[in-house]
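Engineer: So the chains spell out like this:
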Amino acid sequence: MKTFKTNNMKNKSTNIISKTILSLGLIMTLFIACEKDFLEKTDPGTGSVDGFYTSAAEFALGVNGIYGSMYDSHYTSGKFWGGNYFHMVMDFDVVSDNGVGQGAAWKGYSQLASGLVTPNTGEILHWKWNYGFSAISKINAMLAIMDDVTFEGNEAQKWEGELRFLRGYIYSELATLYGGVPIITSPISGEEADALTRASQAATFAQAVTDLEYAAANLGLDPNNGDFGRPTSMTANTTLGHTHLRTGNWAAAQSAFAKVVAQEGSKTSLAPMDKWEGLHDGSEEYHPEILWSMQNDFGFESTGDYVSYGMLTSDGFNGWTGIKFTQDLLDSFQMTDGQSIASSSLYDAANPYDNRDPRLRATFYLAGDVSYDGTIVGDAQFSGACCNGDLRGLAEYGIAPAMARKYTQKTDWNVDFGGSWVNLNVYRYADVLLMHAEALNEGGNPTAAAGFVNKVRNRANMPDVAAGLSQSQMRDAILHERRVEFALEGKRFFDLKRQGMLVETVNGNRGWDLHGGANFKPHYVLWPIPGPTVANSPNIEQNPGY
Amino acid sequence: MKKALLVLMLSTSLVFSQGSISGSVSDENNNPIPGATITIAGTSTGVVTDFDGNYSIDASAGDVLSFSSLGFTSQNVTVGGQSQINVSLVADIQNLDEVVVTGYGTQSKRNITGSVSSIDSDLIENRGLTSLGTALSGTTPGVFVSQNSGQPGQDEIAITVRGVGTINNSDPLIIIDGVEGDLNALNPNDVESITVLKDAASSSIYGSRAANGVVVVKTKRGFKGQATTLTYDASYAISERTLFPDVNFSALDNANFLNQAAANFGAAPRFSASELSYISGMQDSWIQNPFDLAFESAPIVQHNLAASGGSESTNYRISLGILDQDAITVGPGEYQRINLSANVDTQVSESISMGTSINITRGETNSFQGSLGANLAGAGGGQNLAKTSMNLHNIFAPLYDLNGNYAMAKGELVKHQVGPGSGRNNLLAPLENFVFNGSKDAILANAYIQWEPIDNLVIKGVAAINTFHEQTRYFQKKIKNYYNDGTFYEMFPKRQSNKGHLEFNTETFYLTADWSKDLGNDTSLNILAGYSQEESSSELSGAMREGHLSDGVQVLDAGSTDGMTNYGSLTDFSVQSVFARMDLNIMDKYLIQANVRADGSSRFKNDKWGTFPSFSAGWILSEEDFLEDSAINFLKVRASWGELGNANIGNYEFAKKLSLSSAYNFGGQLAPGVAQTTLGNPDLSWETSTTTNFGIDLLLESGIGLNLDIFETITEDILYNLPVNSLTGFTTQLTNAATIEKDGFELGVSYTKSFGDLNVSIQGQMSKAENIVTELNPGLTGADDRVINYNNTTRILGEGLPLDAFWGLQNEGIFRTAADFSGAADHSGLGGGSQLGDLKFRDNNGDGVINADDATNVGTDYPTVTYGFNIFMDYKNWDMNMIWQGIADAQYYGWGEIWWPYFADMVYHNMWEDSWTPSNPDASMPRTWIGESPSNMYLHDFFIYERDYLRLKNLSIGYTFDEGAVPYVDSLRVYFQGTNLLTFTDFPQVVDPESRTGRDSSKLVGNDYQAGADRIILDYGQLKTMSLGINVKF
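Chains as they are written, first to last, in my numbering: chain A, 1 to 546; chain B, 10001 to 11034.
Be a bit skeptical, because a hint or two may be false.
[Stated by the list, open to error] In silico lysine-lysine, DSSO-like type, Cα no more than 30 Å apart, as pairs:
1) B:K10517 with A:K41
2) A:K410 with B:K10605
3) A:K267 with A:K410
4) B:K10415 with B:K10517
5) A:K41 with A:K275
6) B:K10494 with B:K10517
7) A:K410 with B:K10517
8) B:K10480 with A:K410
9) B:K10109 with B:K10517
10) B:K10478 with A:K410
11) B:K10477 with B:K10589
12) A:K158 with B:K10656
13) A:K41 with B:K10605
14) B:K10477 with B:K10517
15) A:K410 with B:K10589
16) B:K10494 with B:K10415
17) A:K259 with A:K455
18) B:K10480 with B:K10387
19) B:K10387 with A:K41
20) A:K497 with A:K521
21) B:K10477 with A:K410
Note that these hints are calculated values from the structure, not bench results.
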């Protein structure tokens, strides 16, 4: 670069060096506030794990955050597409004889029924794993810092009980879905993760039992902080019994369920039949029958799941999923005399839905029903449901002209487009009674089982099961009772799996002919370990068949 | 003028003395050249001409005076006995002596050893540009400008230098008057020049953020001794969309079309015979062409007023610019921008000078969609008008019912849901009632103090602020849509008011010392050293209330406190740097430059600092004796090598971030919660790109010039969210991972010739840049090692593949007859099995079955080749300028909406008229479908379109009145100017070929790339404008 000087302006300083240093110093002082830690910054926006949790109050925040990450798919927050641990859990009913998904590929559930599963199928097949381990890592992180936090009284045991309940619940379900999984009980690094191998399925269930037993012993009959939605000792015993049921440990299952049954009264009870529908539409969602539910609420800050079943609206039908229900499911609801529609004299083919188990009409909207806003269910609603034309024209596929009433909130869905504000029930007391019955029956005592089944039936104003049923007959009776009591709740998949009936039952579901036919392959009984996990984990083996 | 100005900035000791020789400097047309430099060869003495081109200098007989000015060939005159020397300089399109602004200084083009392109105000002014970035389009080799929208105030300009070489943000660094700024904050009329630093050697002085190139902008200044000049420029333009999708708006045709699609798949007709007959009878009373109702042509008015001048010690330029642009959409839609700028330099003492550059901009918009604040809630919301115009229900009802209310077709008639929850409303109801108001106030200002303690040492300190505030406000009115049975629904049952605010602030300080030394023997050394620091923060806040009692009072306070929400966030970063440069010029023949910069960034934890060196050298062969008498006027070869860094990732990516909003409802009570959201990575550090560049600059006596650059860039340690072992509880972790290689060339040719009064200058340029991912996910095993699918598996990152490739099947035409199935692979897995009329695909993996495993690279949407040419002509008082720009080898993936025959209940594109049916077996398009079809199950190349185009970006024709022909003014030019007037392309008439697949322009590629699900960009469209303007000088 050239500089220009006229000759008459040469005016050299006598002390060039000192002047230069002085000027540099001056300008530095003027302009540059030299800070020692100019590049050391801490995030003012989100904070960092390091140094955040110090008090019991902050500890509670960390525990709350685990629930949020297990169950947050609010549509408007964009998390719907990313899924969560309990995402659309009701869709498990399409992997049974209860319903059919909207296409051959939808959220992982449809792929199971239509035979399209690969380790990379994704969605629920990955979410259970990824969000499960994500929650476990958060649980372990909170357990690991407990010693550094000061708690009062027996608070520490209660928080630990809550955390270990959550971990036990997840391990129990992961073992059911995937078989044995790596057992992680403390925070790990990427290297430690790479070294992990899968434990056996038995060892995974055993880990769940250990956690759940601790939780059952340390949690109270009322939830921590009195917050409905946190587990109680009853919740822990329910999950413990459920886990023993999964492993065939009938005596242990009976013992756990009995501890819940012992609390029948003020702590838990069956809702009367006129409140049964309310258990799933938000109006009775804090009833003592509900032992544990995922919590949803109104408004933008709702943690609500997306509406799994589309909702009928005054001028049509709204929602993304087009789950259709099988005629077989509707037909399985007995007549009020306790007989099946095939054998009961009360059945009138011209008025097939008269004199039926009242849970039928409390589970479905049928043609001509009046919905929450006075709409009479008709042409616009039946033809508006996704995705194969008018629901009433699908009899050849065994699809019933019925729409979900259970789990559809009773308000215009546009008010809260973000998702359903109805809580998602995980365990209710009716479930305990019927699981207890199953444990007793499988343990060789069908007579004792009958009492618990009848309790659930009588609540629905249905007569007792026939006296003197054999173990096998009682097994059918329990399975039936669970089917109608928990229809559209996503439990049928697990019931069939426990009874070893999953493959034949799903493949007998004609409704899948809509989407190329049912093709639930035998090896789907264990889900594939997600492809990215196998790819990134040197020592994790894939399940057979994938 | 420019050169003198620059010289003045750097060395303010120039004076206008009464000397022994005086005269004037003019161009070939006898117009005075102000600011021309006159130096006495072999000395450092020099003067500049004043505004009227006059000068005087002390010189003795025998001295050689060198006359030079930007844009003219220098001329030497030996002083004889005369006291007056008038010189006429010849225009030099090659501008070899032009001084271009580079990093922390200036350089003569002749002596540049890196790869640098620049344009000056000739290519910026009088083009009716509404934003500055477009000035580079088609004018600068290696620089590609894409514009994704013509929406007033929201041009969505994306600039890339030499293509894309990283997965992360590939925007170049923008330097305005020495500090980082935003091109949109400037009035194009205030800009003197734009220089683009393309290779590592020229940009490495900017170190860590220069890996994507540097765009250096210099604004206009006055100069000392200049008489006050007042200029006024104004233009009035009419703008309209470049194109509308070629769709069929006939209600009956669309009903029949849907019936055909249903029939193809064995489904019952959507419309019964009686409905078809009803539609046929009614359709004339319904909307005929929604585009006509929703769009209109709109004016753009610009006024620019500037004054500049200077005394012996102080020079200034102040300007005012006003832009008033109407939207081409019906209903509210207006953008107003006011730019104020003031540049002042003053000589405080013999050795100290100070100056400032201040740009203040306020932009205001109201529109039916979005706001200026791209980061704010509601921005970009509202309606995608071209798309909603094509919703089927529009053409099944009139616009208004008999009572003048907004009319709506019923869902039963249209066969899909309309109204609440569907997003489908009366065409104009949201447009006229759902109004965004936005504003952006930006200040870009710096002040410097410069001291020259000794000869040839200049110390300069600069402080700068770059700050802006964006605000957005929108209100949902209660709007009623009426069905034809008299019932109605309200689009927004509750009125709602939203307000958002973004505050962005960057403070920069730097200090440089620049020392030069004449080593004798025509050899000079220049050394620059500096320190710089920058701190930036950005804070977002907003609030919402609803349930307002009236449409008239829209403030937040007027809403209910029930359900009100608010939000706020804050983030920041800092950068600290030291840098140095050494220039050695040996006998004006051998040029050597070395740069080094060390940067530290708060974005990294354990490894904050990166050091980025570069070296370059040039040899001016035309200075050698053996070329002295050749036809070559100038020939230089040059080579450079250097490293650059890139840290264009989010702030605090190293941290184990918490989400403080992981709340959960317990029993209906919201309980706050906290959850770790990222695994963090304390070892993150710089992406490093290494560039090697070779170049030739050639100018022949015949007027033909040529510039060629060949380059290769290897970018390593690209920051990328790698899949991580999910057993950690996380699925990805930001890691220094991938490597991408980019190579290509840029060729510029020019030709300048005068044919009597006709002067012609033609410049052409072509660039090619290709990239390939050479390494991905090192250290990973298994399937993820090589490829990562993203964007719903429509794009892929894979070793050996170009960045961001479309991943899909390759079609082999249509199954036209049963015979086409023989020997074809098994297509039964595609959407229920392929039938006649469906697309046939290639079995790439040879397993006999067509499925996702047959996917391969079927294109990229970033152009490999970009080119452009400019033609300047003037004849007597007339002048003409054309700028053409084109791209080649770029693909577009058209899916959804109107690319497919039936999607989202839109009218159909006319290309589907020729779809396969048994009676039309030779159709150009496959059979139409509803829902899932073998033709749409996977991405494939049938719907990949070449979007090559050549476009006349600018045409201007001007007439300059003779001096004195118009009273009171010094000069007057009137002109016509047009933008995007002509386009040549084979791209289907759906969207403008300048638009890339997807819609987010700022993120070109990568895992953060949110392309609006890859759908068509129809929000606003691009503009074709025609304007008339005047330039007046007083």
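Engineer: Hint check: K10477 of chain B vs K10589 of chain B, CA-CA at most 30 Å. Holds or violated?
Structural biologist: violated, 71 Å
Engineer: Starting from K10494 of chain B, check that the Cα of K10517 of chain B is at most 30 Å away, please.
Structural biologist: violated, 74 Å
Engineer: Regarding the pair K158 of chain A and K10656 of chain B, is the alpha-carbon distance no greater than 30 Å?
Structural biologist: Holds, because 27 Å separates the two Cα atoms, which is no more than 30 Å.
Engineer: Taking 30 Å as the top limit, are the C-alpha atoms of K259 of chain A and K455 of chain A close enough?
Structural biologist: holds, 17 Å
Engineer: Taken at face value, is the distance from the CA of K10387 of chain B to the CA of K10480 of chain B at most 30 Å?
Structural biologist: holds, 21 Å
Engineer: Is K10494 of chain B within 30 Å of K10415 of chain B, Cα to Cα?
Structural biologist: Given pair K10494 of chain B, K10415 of chain B holds - Cα atoms ~28 Å apart, limit 30 Å.
Engineer: Verify the proposed pairing of K10478 of chain B with K410 of chain A, using a straight-line Cα cut of 30 Å.
Structural biologist: Judged against 30 Å, a Cα distance of about 24 Å means the pair holds.
Engineer: Does K10517 of chain B lie within 30 Å of K410 of chain A when you go C-alpha to C-alpha?
Structural biologist: violated, 85 Å
Engineer: Does the alpha-carbon distance linking K10517 of chain B and K41 of chain A stay inside the 30 Å limit?
Structural biologist: With Cα atoms ~42 Å apart, K10517 of chain B and K41 of chain A exceed 30 Å; violated.
Engineer: Tell me if the straight-line CA distance from K410 of chain A to K10589 of chain B falls inside 30 Å.
Structural biologist: Violated, at about 85 Å.
Engineer: Between K10415 of chain B and K10517 of chain B, does the CA-CA distance stay at or below 30 Å?
Structural biologist: Since the Cα atoms of K10415 of chain B and K10517 of chain B sit roughly 82 Å apart, the hinted pair is violated (cutoff 30 Å).
Engineer: Given the hinted pair K410 of chain A and K10605 of chain B, is their Cα-Cα distance within 30 Å?
Structural biologist: violated, 52 Å
The structure fails to meet hints 1, 2, 4, 5, 6, 7, 11, 14, 15, 19 from the earlier list, while all remaining hints are met.
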